[in-house]
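S.K.: First to last, the sequence lines map onto chains L and P.
Per numbering that gives the first Met the number 0, numbering through the first sequence is continuous, rising by one, with the last residue being 180.
Per numbering that gives the first Met the number 0, numbering through the second sequence is continuous, rising by one, with the last residue being 183.
Hints were generated in silico from the structure; no laboratory data involved.
Careful, some of the hints might be misleading.
Facing chain P, according to a computed beta carbon distance under 7 Å, are these residues of chain L, among others [as the list claims (entries may be wrong)]: (1) 16; (2) 17; (3) 22.
With a straight-line Cα cutoff of 20 Å, these simulated EDC-like cross-link-like pairs (lysine to aspartate or glutamate) come out [said to hold, decoys possible]: (4) L/160 with L/44; (5) L/57 with L/27; (6) L/57 with P/4; (7) L/57 with L/18; (8) L/57 with P/16; (9) L/57 with L/70; (10) L/57 with L/16; (11) L/160 with L/131; (12) L/57 with P/5.
Please read these numbers as outputs of a predicted model, since none were measured by experiment.
Just so it is clear, CB atoms sit at the ideal spot from N, CA and C, and this is done for glycine as well.
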Amino acid sequence: MAANRAEVNALMARLADGDRSAVGPVFDLLWPVLRRFCGRALASDADGEDAAQEAIVKLFARAASFDPGRDGLAWALAIATWECRSIRRRAGRRRESALEAVAELAADGDTEAALAARELAAAAREALAELDPRDAATVMAALSEDPAARPAAVAPATFRKRLERALARLRNVWRSRHGAI
Amino acid sequence: MARSDDSVRRRAARAYERGRVTAAAGLFAPIALLLVCVPLVTGSGPLWSAAGGVLALAGAAAAWRGGLAGRAARAGLLAGLAPLVAPIAVGAFGHRCSDCGLPASLPLCFAVCVAAGTTAGAILGLVAGREGRRALFAATAVGFAGASGALGCVFAGASGLLGMGIGLALGGAAPLLAAARTSR
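Please put together the full structure from these sequences, using the hints given.
M.R.: In structure tokens, the structure reads:
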């Protein structure tokens with residue numbers, strides 16, 4: 000990695016100076032690094048791929064303002080970290096909106112039903128929090144009405160299988176917490 | 000969602016070009032404003048103002064392209080700001096450049112153009128001293144600095160342009176000679 004780091008710095012400096020011949024080598028060096036980094040930082044493979052793509056595109060978009068005195072690899076990883084955080088925040092918002100939808104079901108009914116729905120939503124949230132983040136994301140994607148919430152990179156059959164396993168684990172968690180389903 | 004590597008590579012290359020255009024526009028927009036407005040403010044006329052617009056476009060194009068030309072254009076236009084705003088500096092002394100007439104006020108205008116040109120020349124000489132292809136860089140940068148400075152110093156007529164030229168040569172010579180001597 001030490002040799003790569005020096006190479007990345009030299010190539011990034013060339014890129015900042017407008018040397019188009021450095022575009023390919025910079026991409027070849029940084030794309031696998033960013034993919035690995037984002038894949039590890041995010042639970043879902045599809046999210047990791049998305050974050051890596053956004054990070055590499057942003058890196059190239061900002062390459063003209065790269066300061067050659069900085070470390071190119073650290074700069075690239077900082078952009079990737081930011082992208083991973085953005086994707087996590089988006090996933091969190093999707094989860095919240097799906098749970099809010101459960102609470103809204105009771106909004107038209109009486110107070111007792113609303114209270115029960117709120118308690119149910121809170122219990123579901125707690126049970127989901129105990130799941131592996133990937134399982135929780137699968138369940139939330141299945142609950143969401145937004146088709147974009149489902150990972151497009153995953154085949155429908157694979158998604159169904161994943162959902163089946165995630166629901167089985169959710170059932171176990173629910174049983175251990177509340178005794179019945 | 001998952002694109003092939005080639006598609007990501009193409010997106011990255013397009014983003015790179017977009018980023019360079021944005022960076023060049025961000026840097027040159029304020030300079031372009033000065034290049035277009037100063038000749039109008041000093042009464043040099045719309046032709047000089049249009050020339051300023053063309054110069055700004057040429058500078059932005061060079062900055063987008065990058066390399067030695069981009070660096071030289073940036074340095075030249077930034078250094079050229081000194082003679083460009085010279086008429087405004089003269090205005091600070093209570094002199095109105097648009098009323099500039101022979102002979103009383105001319106020495107002041109001439110002196111300001113020489114001083115501004117010297118400042119620009121010294122800056123370019125110092126920057127060029129750090130470049131590998133010093134002569135080419137200096138020639139390109141002086142071209143941009145001279146053109147942008149001319150838009151300001153033209154308020155004093157031919158003598159203003161001459162004064163700026165003398166200043167550029169005087170200011171740039173010493174740092175360039177020093178750099179050439181140390182590199183030997």
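S.K.: Now tell me, hint by hint, if it's right for this structure.
M.R.: Hints versus structure:
1. 16: Interface hint status for residue 16 of chain L: holds (5 Å vs cutoff 7 Å).
2. 17: Holds, about 1 Å.
3. 22: It holds, given that the least Cβ distance between residue 22 of chain L and chain P is near 5 Å, below 7 Å.
4. L/160 with L/44: holds (16 Å)
5. L/57 with L/27: holds (16 Å)
6. L/57 with P/4: Holds. Residue 57 of chain L to residue 4 of chain P sits at ~16 Å (cutoff 20 Å).
7. L/57 with L/18: holds (18 Å)
8. L/57 with P/16: holds (12 Å)
9. L/57 with L/70: holds (17 Å)
10. L/57 with L/16: Given pair residue 57 of chain L, residue 16 of chain L holds - Cα atoms ~17 Å apart, limit 20 Å.
11. L/160 with L/131: With a Cα-Cα distance of about 16 Å, the restraint between residue 160 of chain L and residue 131 of chain L holds, given a limit of 20 Å.
12. L/57 with P/5: holds (17 Å)
Against the hints set out earlier in the document, no violation occurs for any number.
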